[in-house]
Amino acid sequence: MSSIRKTSFLRSARLEQETLTFTVVVLLAVVLAIISPAFLDPNNLASLQTAVAPNLIVALGMMTLFMIGRFDLSVGAVMGISGIASAMALDAGMPVPVAFAAGIMTGAAIGAFNGLLVAYLGINHLIVTLGVLYMTRGVIEVVMSGQQLGGFTSFPEAFSLLGQWGLSGLSGIFLFSLILCVGFEGFMRLTLPGRKLLFLGGNPVAAEAMGIARRRTEFWCFVLSGGLAALAGVLMTARVGMANRYMGDGLEMQIFIACLIGGGSIAGGKGSYVGALAGVLFVTLLTNAFNLLLVPSEWQAVVIGAVLVLVLVADGIMVLRKRGRPWRNILGLWPSRMAT
Amino acid sequence: MTVTHRLDDTPARKRKPLFAGNGFGSNILALALVTLAIFAFLALTRQNFATWQNLNSILFGVSIEFLAIVGFTYVMVMREIDLSVGSVFAFTGTLTGALLVGGWGFWPAAGVALLAAAAIGFVNGFLVVRFNINSLMLTIGSMLLVRGLSNVLANDLGGQTYPRAFRSLARTNLFDIRVTIVVMVVLVLLAWGFQRRSALYRKMCFIGENVKSATVHGIRVGTIKILAFVASAMTAGVAGIFTASRITHADVRMGLGLEFVMVTAAIIGGASLYGGRGDLRGSALGLLLLALVLNGMIMYDIEPVFQQFVIGALLIATVAFDTVLNRRGQ
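So the protein sequences, as listed, match chains V and S.
Just so we're aligned: 949 in this note's numbering is position 7 of the first sequence, and the numbers increase by one with no gaps anywhere.
Just so we're aligned: 801 in this note's numbering is position 265 of the second sequence, and the numbers increase by one with no gaps anywhere.
It is worth saying that the hints were derived from the structure and are not from the lab.
Note that the coordinates shown come from a computational prediction; the quantities given were computed from them, not determined experimentally.
Backbone N, C-alpha and C fix where the C-beta goes; we use that ideal spot for every residue, glycine too.
Errors might be hidden in some of the hints.
To be clear about the criterion: a stretch of chain V counts as covered by chain S if any three or more of its residues have a C-beta under 8 Å from a C-beta of chain S, and this derived list gives those stretches [stated by the list, open to error]:
id	segment
1	1064-1076
2	1238-1248
3	1253-1266
Chain V is faced by these chain S residues, among others (derived, beta-carbon under 8 Å) [said to hold, decoys possible]:
id	residue
4	A573
5	S678
6	L685
7	L809
8	G812
9	F845
10	G848
11	I852
Using the sequences and the hints given, assemble the complete structure.
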């Protein structure tokens, strides 16, 4: 008699893909440390931290949306405009907390607009967030059209400190983003609303039948995503000390890929915040590798696109396997034409 | 009883007139009227709008974009989407130019570039069909990938101008009009026939409406979808070759954001993100409408950076309209 196999911890905690990504990240780091002596340089490590921190904060919001089967492509532009908003508020002579709040509110408002259109009007989230991405970039160009590349450079001490504090070599915003990540992970695993997110993404119809307010949850998830992107934008503006119109340009694709690699699925119902961390680390290390090995930046887009396609194919194969399709049918030369 | 009633009912329904009802081609007339109204408004309020030169350049721009939207529209009919068109457009044009600079003849260069485009389209279609991947996601990936390749090529060229013979290609005239405009008119007429007469178009609509049912009824869903993706990439490639010839040098900004202009135009023209509908005549009118609006904004001295905002807003507005219409239909 065969005994029932005990489910492994990784499977029961749904951390299989996250572990895989973490392993790849560690391997990548080791390889980089061996082939490029500059990798372990303190300067490089510091710049890695500041690259990871905002991406991770944005990825937390994106991962929340991934769990319920949505995504937000406007995060990069939101990051840019909220940094500009807080810089403009400071420039107008407002105190630091008000300026901080102004930045966050800008992002949350854009998120609310996204959420309104997606959740309550039922418009395709890709189109809405893409349109908002275009509109926000347009607004940034209009606002910054009189300025130099980076306008508003004189910030009060307290604001700059927001982005520049540190603890014995560790960057403050990096620590903050890690704490935020752990907090979100705890929320997702230990609390009922957190579990509801995954349930909603996994089976929206069943979740609605159980009394979960789908539209309201979606709406607030979009607000959260906008707010977190704004937080990252404001912190980065404080860090670099100027409002940069190109901040967050093209970031949405990197975050998107990070979430997919870190275990999220565009179909929803999957993903964890630890996975978001793993994915962000992977994407950041990849970018860092390109810079260290002096590969032209155009190849970065090629590799990121190729990685995205590979991840999607792998995701597709997994889904088909779960539906019980035989390997021969998925990879064979002449599969029978089956209704999907 | 109800069944016989229904059977009796069906043949009694009269065939709808060409431009009425909510069936095929119903919104073409309305769209044409809106476009005409915008045209009349601009022509009456701005003197330098209705000049031969301005209109010719608008039509020329539209006709090149139109070449790219041909395949794209039919991909949308089947409830898929191909966001890599803008990148394929840039890649094919730049590759043709690069080969020409490298001393190739025009036909081999264009042929190789188009083959490369077809290969990209085939990979897109194949992966979508075989692994049942959401085409929206997949083509975002191939958009990034192909854009990267195109930029690598453009940077290698470093802003060199293409050979003279290639530069004059887009300026070829046929009956005193740019050849692409003639091609556009011919293609619109052909598409009219294709959409009214062809079983293939009906099958494509069927696939867009209900994939499972189409599969059960023996339609080769996979083959048709892959062919549509190949067609989409190749038509984008042809448009890219003309555009490369028009802008005369390698440019990394070529075709940037084209895919969203095309989604907007196709949806204005009667296609739907929910599949089952789509009309090349409408797509052409949609492109013309967008071009008129953008040209009008320039005529009214609205800041050019604001165009991005308008395109984004138009995209959301048309899709919102599409969504509301579809919900009512269900």
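Grab the minimum C-beta distance from L685 (chain S) to chain V and call the hint holds if it beats 8 Å, violated otherwise. holds (6 Å)
Verify this for me: three or more residues of the segment 1253-1266 of chain V with a beta carbon less than 8 Å from a beta carbon of chain S. holds (count 7)
May I ask you to test the interface hint for A573 (chain S) with respect to chain V, counting a Cβ-Cβ separation under 8 Å as satisfied? With Cβ-Cβ at 24 Å, over 8 Å, it is violated.
Would you check whether S678 (chain S) satisfies its interface hint, that is, whether its CB is within less than 8 Å of any CB in chain V? holds (6 Å)
Hint F845 (chain S) vs chain V: min CB-CB distance below 8 Å? holds (3 Å)
Using the nearest Cβ pair, does I852 (chain S) come within less than 8 Å of chain V? holds (4 Å)
Using C-beta distances, would you say chain S covers the segment 1238-1248 of chain V, given that this needs three or more residues below 8 Å? That given contact holds, which follows from 10 residues of the segment 1238-1248 of chain V lying within Cβ reach (below 8 Å) of chain S.
Check whether three or more residues of the segment 1064-1076 of chain V sit with their beta carbon closer than 8 Å to a beta carbon of chain S. Coverage by chain S holds here, the residue count being 11 at a Cβ distance below 8 Å.
So, as I understand it, the hint says G812 (chain S) touches chain V; can you test that by seeing if any CB pair is closer than 8 Å? Violated - the Cβ of G812 (chain S) stays beyond 8 Å from chain V, reaching only about 15 Å at its closest.
Hint check: is the beta carbon of L809 (chain S) less than 8 Å from a beta carbon of chain V? holds (6 Å)
Per the CB criterion, is G848 (chain S) less than 8 Å away from chain V? holds (3 Å)
Checked against the numbered hints above, the structure breaks hints 4 and 8 and satisfies the rest.
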